[in-house]
Structures are given as C-alpha cells and as structure tokens.
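Protein chains in written order, with the numbering used here: chain A, 315 to 702; chain B, 315 to 702; chain C, 315 to 702; chain D, 315 to 702.
One or more of the hints may lead you astray.
One copy or two, either will do: identical chains are not told apart, so a pair holds if it fits within one copy or between any two.
Capping the alpha-carbon separation at 27 Å, the derived lysine-lysine pairs in DSS-like fashion look like this [claimed, not checked]:
| hint | residue 1 | residue 2 |
| --- | --- | --- |
| 1 | K531 | K552 |
| 2 | K552 | K322 |
| 3 | K322 | K531 |
| 4 | K322 | K361 |
| 5 | K361 | K552 |
| 6 | K322 | K365 |
I should point out that these hints are in silico values taken from the structure, not numbers from a laboratory.
4 protein chains.
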Amino acid sequence: MTPPTPIKPAQFTLTTGPVNCYPEVLSALGRPVLYDYDPVFQEFYEKLSLKLQRIMGAPQVPVILQGEPVLGLEAVAASLVGPQDHVLNLVSGVYGAAYGFWLSPHAATMTELRVEYDRVITPDLLREALAAHPEATIVAMCHHDTPSGTINPLAELAAVVQAHGALFLVDSVSAYGGVGVDLEGIDVLVTGPNKCLGCPPALSILAISARAWDHMKANPRAPRGSILSVLDWEDAWKAGQPFPFTPSVAELNGLDAALDRYMAEGPEAVWARHAQTAAAMRAGVQAMGLRLWAAEEAFASPTATAIRLPEGVDETALRSAMQNDFGVVISSGRAETFNRLVRVGHMGPTAYPMYAVIALTALHGALSRLTDLPLSLGAAIEAAMAAQ
Amino acid sequence: MTPPTPIKPAQFTLTTGPVNCYPEVLSALGRPVLYDYDPVFQEFYEKLSLKLQRIMGAPQVPVILQGEPVLGLEAVAASLVGPQDHVLNLVSGVYGAAYGFWLSPHAATMTELRVEYDRVITPDLLREALAAHPEATIVAMCHHDTPSGTINPLAELAAVVQAHGALFLVDSVSAYGGVGVDLEGIDVLVTGPNKCLGCPPALSILAISARAWDHMKANPRAPRGSILSVLDWEDAWKAGQPFPFTPSVAELNGLDAALDRYMAEGPEAVWARHAQTAAAMRAGVQAMGLRLWAAEEAFASPTATAIRLPEGVDETALRSAMQNDFGVVISSGRAETFNRLVRVGHMGPTAYPMYAVIALTALHGALSRLTDLPLSLGAAIEAAMAAQ
Amino acid sequence: MTPPTPIKPAQFTLTTGPVNCYPEVLSALGRPVLYDYDPVFQEFYEKLSLKLQRIMGAPQVPVILQGEPVLGLEAVAASLVGPQDHVLNLVSGVYGAAYGFWLSPHAATMTELRVEYDRVITPDLLREALAAHPEATIVAMCHHDTPSGTINPLAELAAVVQAHGALFLVDSVSAYGGVGVDLEGIDVLVTGPNKCLGCPPALSILAISARAWDHMKANPRAPRGSILSVLDWEDAWKAGQPFPFTPSVAELNGLDAALDRYMAEGPEAVWARHAQTAAAMRAGVQAMGLRLWAAEEAFASPTATAIRLPEGVDETALRSAMQNDFGVVISSGRAETFNRLVRVGHMGPTAYPMYAVIALTALHGALSRLTDLPLSLGAAIEAAMAAQ
Amino acid sequence: MTPPTPIKPAQFTLTTGPVNCYPEVLSALGRPVLYDYDPVFQEFYEKLSLKLQRIMGAPQVPVILQGEPVLGLEAVAASLVGPQDHVLNLVSGVYGAAYGFWLSPHAATMTELRVEYDRVITPDLLREALAAHPEATIVAMCHHDTPSGTINPLAELAAVVQAHGALFLVDSVSAYGGVGVDLEGIDVLVTGPNKCLGCPPALSILAISARAWDHMKANPRAPRGSILSVLDWEDAWKAGQPFPFTPSVAELNGLDAALDRYMAEGPEAVWARHAQTAAAMRAGVQAMGLRLWAAEEAFASPTATAIRLPEGVDETALRSAMQNDFGVVISSGRAETFNRLVRVGHMGPTAYPMYAVIALTALHGALSRLTDLPLSLGAAIEAAMAAQ
C-alpha cells in the first residue's frame, strides 16, 4: 500500500518532541539578542542558571550546553566516563541501548542490564546486576525511554545505586518537567527545555553532583576546548566569566520564559496534568479496542503514550492520515519499535487531557480508513474523560 | 583604576557578534515549532537548504549544523582532516592560530604560515609556503580574523590554493554575508547566520565541494554518530530523510527569514552598505586622532573595525563607559589583541553608516573621561560622513 | 447554585470572537511600527488596501477604520443614513435589533421586518416588506446574527433589494471570511479582521459601492472631522494622502499577514473548513441529546453554533465549568438569548472539525456536573466525526 | 525642485509618533488573544487599569478607550462639554486650535486665549483670561503642542485654573510619560500609550477626576451607546462588568508590557533621559547654525524638538533626503507650521541622547545637499554631547 503524501499543515503537534512551545516562550524568542560579553547578558545568564538550580533543587549550579539534549548526552559520556570506569548501562528501550554506543568507547568495561522494551528496570533487577558487577563505577539509565513510552522507577533505582556507591547518570530528557524528579542519588541528570518545559530544541541542561564534577575533573580524557566539553562550562554561569563559545542567546531567552511559566503554574500542577493526560490517553486507547505498548500500565510514562499498531496497519499510512485528514501529528517508533507502535506525546503545552481526546479522535479516524477492526471512538472518548 | 560596574542596558549593540537581529528574524523566531518528522517541516528544511545553495552559489547543497559556528569549525576539522593529511594553516590572527589546535591533532603534519596580527596573508606568501610544503593536502584559513578586524584576500588566495591542488578550508564566519564570496576554489566554507545575516547564534552553515565530501568520506576517522559528524548530515536536507538528531527548529525559522530578507534587499546592496559603514568608521577613527589596528587600511574588514587602544586606556573601562554613559556595546580584543584594541562590528542590521557615527560618538565620549589625549569628535563625525 | 469563580487560563478559545489569532498574525503584530507619514508605510497601506479590494472583489477600494467593527457599524449608520432616508431594518436577532438604535436617529423613518430570533429573513418576507414600504431607500441587515448563531441568505436577499433599488447595508462582521460573500447587490458591507480572518479586534473593514459613496457625500449630516466619519477616509488609502488620524499600525501589520495567509490557503478551502466544522458541531450537539438554537439546521451559521441551554442549567455555571475543568472558553448569549443558549465559534484558526470535538467534549463534561439529563458523549463525538 | 521619491526603509524613526515600540511591547503584542468575556482577560483588564491608576497617581481608575488618542480627545469633548458650559480654550499651537473645533459645538460659549505658536501660555495670561471670563466652567489646553514642539507650564497653569474653580481638560498625548505630570488640579488628562510609553497607536488613556465624572454624568448630551461615549466605560475596568464593545486585546497586552517597563526603569529616569535628549538636540541644532522654532529655549518640549526650516529649503525634500540617504525619518510641521519647521521626536525608545546625534547627522547631511548655508556638523555633535 502506498501511503498518501502528507503535506497539509497540522493544527495539533502531539509528538514526543519537538513539541510546540508555550506562547510565553514564543514571545520571548523574539526578545533583542544581546552580545554575550554584555554585562547585562552575563547577569541574565547567571540569574537564569541560579533560577534553574533553584527549580531543579540541584546542589550545584546546573550547566546549560548549547545544543539539543543529544549534545548533553554525548558530552556527558565523553566527559564523565574515563578509562578507569566500569559502566553498567540499564537498557529498557532503544535510547538506553543507543546510549551504550556513546558510553562504552570511553570505559574500561561496559555491561548491560536489559529488559524487554515494553517493560522497565526494577530495583531487584538492578540490585542483582550490581551484585554481579560490584566493580561498576557508573550506572547509566534512560529514565523515560521515549521510543517505547515506558518510564523507569527513578527514585527507587537511585536508592539502589546510591547504596552501591556508583555514580548514577540519568537521561531524563523526555520526562523532566513532566514528572517530579528528586535529584537525591542522581549524579548527572541530562535534560532539555524542548520537551516538557515547552521550548524549541537547541539546549541541554545538566544537573551535576559535586562527586560527578570531581569524577570528570579526574578523567584525563574529559574533553576540553571542544563542543563536547562539560568542564569548560563549569564556571561559565558566573557573570564576568567568559563563555567557552557563544551561547544561544534567543534560546536562553525562551528557556527563561519557560522557567518563569513553570514556577508560576507550580510544578506539582504541571506534573498533575501530565499524569492526567496520560491516564486519559491510556484509558481511551484501551477502550477503543487497541493495546498499549507497555506490558503493564504502570510502566507507561506520564509524558507519552505508546500504542501497539494493529496487525496490518502501516505506521506511515496511519500517521499520514492522522495529519492530512485530522490535522494531528504524532510520533512513530524508532529502531526496534518502528512500525510496531505509534506514540502520542503529552509534554508541556499539550499535557492537558483534552489533547488525549484530540489524539484519540484522529487515531480512530485514521485507523477507520486503514483497517476493518471494530474500534469504538465513542467508548474511547468516554473512557478518556472518565479517567482523568 | 577600577572600572565602573556596567549594568545599564544599552540601546546599540555594535559588536562583532552576537549582533542584534533583523526584525524579520525576531518575528520569525516566534513561528510555531514543528515536529522534525512532520513532512511540512521536512519540506521546509529541504527548501531552506536549497535556498541556501542558490544564495551561496554552492555546487552542493550546504549543510546546516545545529550549533553556532564553532561547532561547524570543530566538526569540519574532525571530519575533513585525516591521518594522511598535511595541513598548511594560514595564521593572520587569534582565530586562525586557534584553529590550528583543532586541525593539528587530526593531521599527519601541520605547518603554519604566520603574519603579524595587523597584516594579512598575501598571494605571494602563500605561494612560497606551498612551494615549501608541496605535500600540503589542506590549506586552512580564517577569512576575517575577527579579533584583529583584518580580512584576507580570499579570491586571490583561493586561486593560489587551487593552482596547487590542496583543499581550501575557509572560516568565513564573520565575513560571509557582509562581503561577496565566490566559492570557486573553496572546498569548505564555514559560516553562520549570526553575524552578517542578522540571526541569533545557534547554527553553522557549511558549503562543501564534491572533492571535500569525497575527502571526508575517505577519512577513516571522520566522526559518525556524534554531534561532530558532518557526514551524518549529508542527506539530511532531503525531505523524507531522517535527521541525525533534532534540528533547532526556531533558529531555522529565523535563518529562513534572514535569507529572504537578504535576497529582497539584494546581496550587492547589503555588501555595499557593509563597505560604506566600515569606510565611514575608519575615516572617523583616524580623523578623531586614533589609529586603526590594521597596518594598512586595505587590510581592514568591511564587517568590523579594530581600533588601537591609546596608551594607558584600559579596555574594560572604555567599554564600560561606552555602555553605561552612551548606551553602546562594542567588542574587546581576544588573546594577543586583548587590551590592545577595541572592535566595532558592522554586521547585518548595524551595517549602515549611521552606526559608525554612533560608535564614534560613544567612543569619543568614553575616551574623554579616561584620557587627556586631544581627540576631536567633530572631525571624526565629519570625516565619517564624508567617507561613505 | 453559586457558580465557581473561573480563573484558570484555558487552552482553547472557541468563542464567537475575539478568537485567538493565526500564528502568522501574532508574529506580524511584532513587526517594527512605522511612522504613518513614512512613505514606506504609506506604500504599505496602499498595497494593503488594494489587496483587500482584490480579495473582496470590491468595485471600490475598501475603507479600513481604526476601531473594531462596532466603530464601522456606528460610523456607517451616521454617514450613510440621512434625513431623507427611509430605512428598512431586517431583524432576525439581537444585533440586527440593536443596529436599529444607531440607524433610526439619522433617518426620516425606520421600519423593521422581524422574525423570531431562531429563524432567518426569507426573500419572500423581504419582498413583502419592500412592497409595503416602497419608499425604503436603505435596507439594513445583520448577515450572521451572532447572538443566535443564525445566518441570513445574503445573496438571495441582495437580489431582492437590488430589484427594489434601495441601498443594501450589511453587517457581515462575524461571517465574512468564513463563508463566501459576493458583493453584487451589497452597497456597504461592514466586517473586521477579528473574526474569521483570525486577527485581534481593533479594525473595521468597509466595502462601499459607488452608489453608497455618492449617497454618503450627499448626506448633509455625514460626519466630518470625527472618528465617526467614513468620508474622511475615502482617499486615505492612496500613498501620499494624509490620514485623518493615526492608523493602528500594528493591527494593520496583522491584517496584512492574515490576508496573505487567507490567499495562500485559498478562500474556498477556508470556507469549506468553516462549513465542515459547523456541520460536525451541529451533528454532535444533536447526537449528544441537546437542541440547536436555530429552528432549522439550515438557518445555522457555518461560523458559530448556538445550542439551547437545557432546562435548569445556568449558562454562567456551564461556561465556568467548561473553562475551569476542561480548558475551553465559549460564548454566552446576549440580551434576549442570554441564559437561553451558549455559542461555540468556528472562526479562522478554530474552524477545523477537531475543534467541534473539543467543544463537544467540554460541553458534555460540564453539563454532566450540572444536570442529570441523559447525554451521550460517545454518540456526540461519533456523529461529529461522521458529519464532516 | 522636485523632491526625490523616498522609498527606502529607514533604520531610525525619530518622529513625534508613531514611534517605534520598545522591544518588550513588540513581544507582548504577540501574546495569545483572549476572549473579552474570559474571566482571565477581565482580571487582566482590571489589574491593568489599577496599574495605570497607580502609575498615574490618579484618584479614580483611568479609562482606556479603544482608539488612538484623537478618539479620547473627541470623546471627552463630546462627553464633558455640555450646553451649560463656557469653555476657555488655550491656544499655543495647531493642536490647541484644532481642539476648539471639537469643543465649541458642545458648549454654550467658547473663548480662546491665543499666543504665537512659538510661545507658551503663561500663568499671568491665563489669570487675565479667567478674570475676563469668570463664567468659564472648563479650561482646555494642549500640554505639548506637537506641531510646534512647545510645552505649556502645566503645573503652574493647573494651579491658576484650580484657583478659579473651572474644570481643567488637558491633552497631554505627546508629553505624558516623557515628563512628570502631577494630576493635582487636572480634571481630565487625555494621553495614549503610543508616544512616550513606546506602544503602537490604537488606545487612549483618560484620567478623570471625580468632579469631571460628575460633570459628565450631569451633561444631558454626553454620548451613550457610542464609540464616543466615555460614560459607558466608567465601570468597564471591573472584572465581571461587561465591556461596551470589544477592547483591543493585543494593544492592551502591549500597554501592559509598556507600563511594566516604565516602572522597572523608573519614571524619573525615563523623564531624565527625555530631557537630556532634548537638551542635546537643542544645543546641537543651534551649534550647527540652525534656529529652534521655540521663541525661547524654555518653551521647547523635552519630548520633541522643532527646528525652523532655513530659507529656501523645502521640508519634503529635506525629509526625503534624510530618509533615503541617511536612514532617518522625522516629522514635518502641520497646518500653520507646515513647511516652516521640521520636528524630531524624543519619545520612549528614542529618548536617549544618542538619537539626537543621529538626527543631527542626518539633518546636516540632507541640508548640505539642499542649501549652501554654512552648517557645521562637527560643532553640532560636539554641542549635543556637551549638553546632556
């Protein structure tokens, strides 16, 4: 079957990122662009960094890197992991697995704890793995493995890692800001403003513990004088210190507005509506007659919902129909999950239950054109609305 | 002497970048942020890339990298220069010298042709250097070495390199868009939208010849699966091809608007006003009683003017006074030129002769508070206005 | 019952106006504000006026007045209607009736043709009325009487007026741009950019026939030197002519972007999605178990849907619950229709069928908290999706 | 002589309004447009009105009318002045004279106190006039008569009016926000955000004393149900009260940002830079060899400078040359001052002394092409810089 060429602009971008931005962010992107050595800008940058620290509850001032979070992830892998390190990489999905490719070249050894991509890492599994690998100096994990929409139990796992003593490196790019994250027991948290904070993609945010800073500084191969350097940015937040290179001024203006908005609404309120939207989505999907990707509903992320593709439905055809006929853009799977699921993001400005209704309506409409499965739109919407 | 703490917002950012943006760009940054796999975005990206090719007169479709031009420079060094390469690095300033640090680790050998930082590379010097190093496979050069405001004679030098047969790698970050650049004889040109095109800093633009693509592909150490990879982006411009990672959507919207504006005004007209502004600035500086940094006026860039600091004047105090008392931000020197000169950018939206008047006025006003030198504001302004 | 105080910002403004704006318009509002005597602005204004003429298919250059359409309506009443005029005012709703208060003080006589507010004026009724009042020199009508969501058959009525010979003055504020309007037989059409064209409220647009211009000029009481003057603006669109007072520059920038967007999408496509959205809404409302306000579905406007309030439901409580609990703002009734109906706008950026789904979902959710009526959300959504 | 057709966009709009806006305002114009009956908007409107009251030091909540200040002026004339009123109109310029045309039709009688248009009303003159017209119930005055750039001594005149007991109606459109205004003794102050507050033109602001409210309410001819009604808006600022018609949402967003900016900088600091800029301009004009329009420098407004045209210079040719060749737009004279002077505005974002330098440079450059007068640019700039 040849999918139709989708070219119509959509009204609703319900993806796992980039998401559309909050209006406050779009307005802020148009602020005048200051010179990075202008003291007014340097003061702004310092205040922004300290605001970020306050919001994240980070013991150290977080680092902002000037590229979307894959830069943060690559830079941290190169900066933190050294030739003395034994890495335990927790793999519950495509992104966790992919991160191994960036971690292992830098490490003495890397082992992996793997679960099926529709399941999550449990504290017990992690305890066993660490017992088997007491030499582990770094445990790495993708918090919300976006290509499967599953979320690992971060706080419980952090406690296990902490008990062991390894550094815990967490990719929380697509969860942070949509769920509460306690940095206790997390040594490096990589995230970005472009998912649940509702900004465009272009920056990384790194919360780094004192231990992790020390570890990086002791790493003889940690990059310096490179876009991959984290160390170069250690003091860049201080007004009066030079930047290693020019920061992305407009994006920082956007981040500033996003943080103000996040605090004005209240983080708990933001997390609650992410959870409600995902609950509505999961209820609707199942009531419609479809299956969640996650083996158990508790594994599903509050910030995205992955839905198993019905037999015989091509994901490209499905997404094209959703866009062209219903004005809704959603995300495909990636790698092992490609053409096995589709994903609806509930991130930032789209984390309101009504967006679950929109996604379900478009999903049903498009599926109706592609399959004869008995799928109930009415039941889906009613369940979604009952669930929140 | 303790410089005053400068904290007042300025009205005029007359720096060598970031410069303030064209209003069209600031408006475009606020466009909705589309999902990178949305076919509408992919089509936009393809059109933008082809527009860039047309404007640059590039034989291949240029690559857009998702970080400010230092990313482009580092990525090109890592991607193009391989263990078989002999690099001749042309050094007429701080940035040219610094680039050697990124080039040499990848090369078999690197030699440098150096001139004083107030002079430029001449075709004769280059011919001699290539005669002495016939093994050179890559010649690298910074077109406009921003920390000294001097511009190398690109077309003449390109002819020399072409005659020799080496690849010519050019950093034209702070000149491109403000002066005409013919890509004939240039194998990799690195630039960015954040100088003379009037965008915020966050993207790199790479025009790469077919030869240079082949060279990169033959380089066994060219990065793949990294933010430093150029090769990963070769086909990313084609709608339907995946991006190696998420592009900076908002910044691309800004670039699109900047290119439209550039073509609407007409490149020749844009270059002419850059040249006029610099001419006005040079005339004014000298009439005021100050000296240009450039040993000869012909060496000075049309996109920035470097002015020697008078004896005993502290550059920080000078720039603070310009900002606090006259609302004008300019740039300092860097490394060897730090505290020896100050720089006024004439880039994009500030490349109009009136900005030379503004800069001269603020410069005179601030200097009057810091030195007893006889400096004439009236003569400066009159000369500036007469020169354009 | 005390309605809860609604204070939560909504995600969806599905009102009969102000509607949220197209993103292109929001971007354009931030363009630099030019001086009204700047020739560049005057040329822009002329081009904008001529663009408007082309789009409207108007024989004369339309007039833009610098206030939201009530200004246009009041100014036209004062300018067109003189002491020799006999006005026949067609009243099918609150706004038509209200317009009589502005028309009658200026006229020799005013008579009214009235129908119930859930019905529309028919050509037969109009023919009878004109036969009874052959002296009528002006027929006035509200095209889409927004407070009841009913739309009069404009083209048929225009033919009747034309046959009689009176001037036809039409308020098409809330229909124009969402339905096709042929100006044949219409002497003054008043509209604004703030409904179906997706701009903020602040401007009026007046398409005026040559006959109507002559009539105004012959009116001894037509205002001059007043914000209520239409005549003062006759030549203001011509570059080089002065404006009677300063036009609203930013709003004109927004209108310009809105017109470009309208033409880029294609008026027919725009009208089609207005019609589809309204059809979806009407089907959904009825399938849910509610009643349309319009006595016949054919009377209902493609740009708004009015829904009868179920017995015992307070409209304020209903709208508060929709906003606070479901993030959707809709419109109340006005005057005679207040607390008897609620209204959902389908205008400009909200004229996509998915917005009917959103409105229905919020409506059902809120009603479920306020009444025990058996109302089916599933049936509503399925009917809405089936209807478009 | 045929002036060249000016069509090149300028970089600097140094007019008496519209002025370009503060960046904060341009950003705010792009905020989402809320429904006027959305309680969130109503709360915003109430807060904005109260913020305005606080900033103005007004005893009553000011009224915002939805049209540029000529609407405010016309509406106040129609609302305040009734058939029992005897108006004394103070005329020191074109705008003051013009206001008489709006005042007199409503009044029992109107008399005028006139001075030459390069002079101002003095307290003595006003005392005499009131002694001669003890029956005066309303004194009207244009604070800064923009077409001549002269400013009347408001506080002193207010004291005279107050001693007499008449109501004092003041047009401070082009002064308010650029100079301190004490509302003591002023019964109606009309201004707008589009001059010294740095917003686009589209709104009027009216500060009205309790006495003036009573006077309007007692006026049997005060408009109601009209865009010219002030009374209709008395309670519109209260959340929960309906608006007489739809307010200009985007413009109000801009005003809100402008007020926040004004308070963040500090009104005294704002006024000081208006005064400094005007002082620099006046010094420069005279040092160049030109004459101020104001008969005495003390009469000149801090918010605009009017310069007598040298003999034989055509104002259109002058302004065209300034725009086309120097990128600067300034204002012409009006009516009696047309072609006798040109005007440079120092309002809001252009009220920094550097803009005087810009204006002087362009003025000199253009005049040099149009006249052989010996005019010194150098002296002008030096004097301007020395004066601030």
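Hint by hint, here is what the structure shows:
With identical chains, the CA atoms of K531 and K552 are at most 27 Å apart within one copy only, with a shortest distance of 19 Å there and 41 Å across copies. With identical chains, the CA atoms of K552 and K322 are at most 27 Å apart between copies only, with a shortest distance of 18 Å across copies and 46 Å within one. For a Cα distance limit of 27 Å, the shortest separation of K322 from K531 qualifies neither inside one copy, at 50 Å, nor across copies, at 37 Å. For a Cα distance limit of 27 Å, the shortest separation of K322 from K361 across copies, 16 Å, qualifies, whereas the shortest one inside one copy, 41 Å, does not.
Taking identical chains as interchangeable, the C-alpha atoms of K361 and K552 lie at most 27 Å apart only when both belong to the same chain, with a minimum of 9 Å there against 36 Å between chains. Within a single copy, K322 and K365 get their C-alpha atoms only as close as 40 Å, which misses the 27 Å cut-off; across copies the closest is 21 Å, which meets it.
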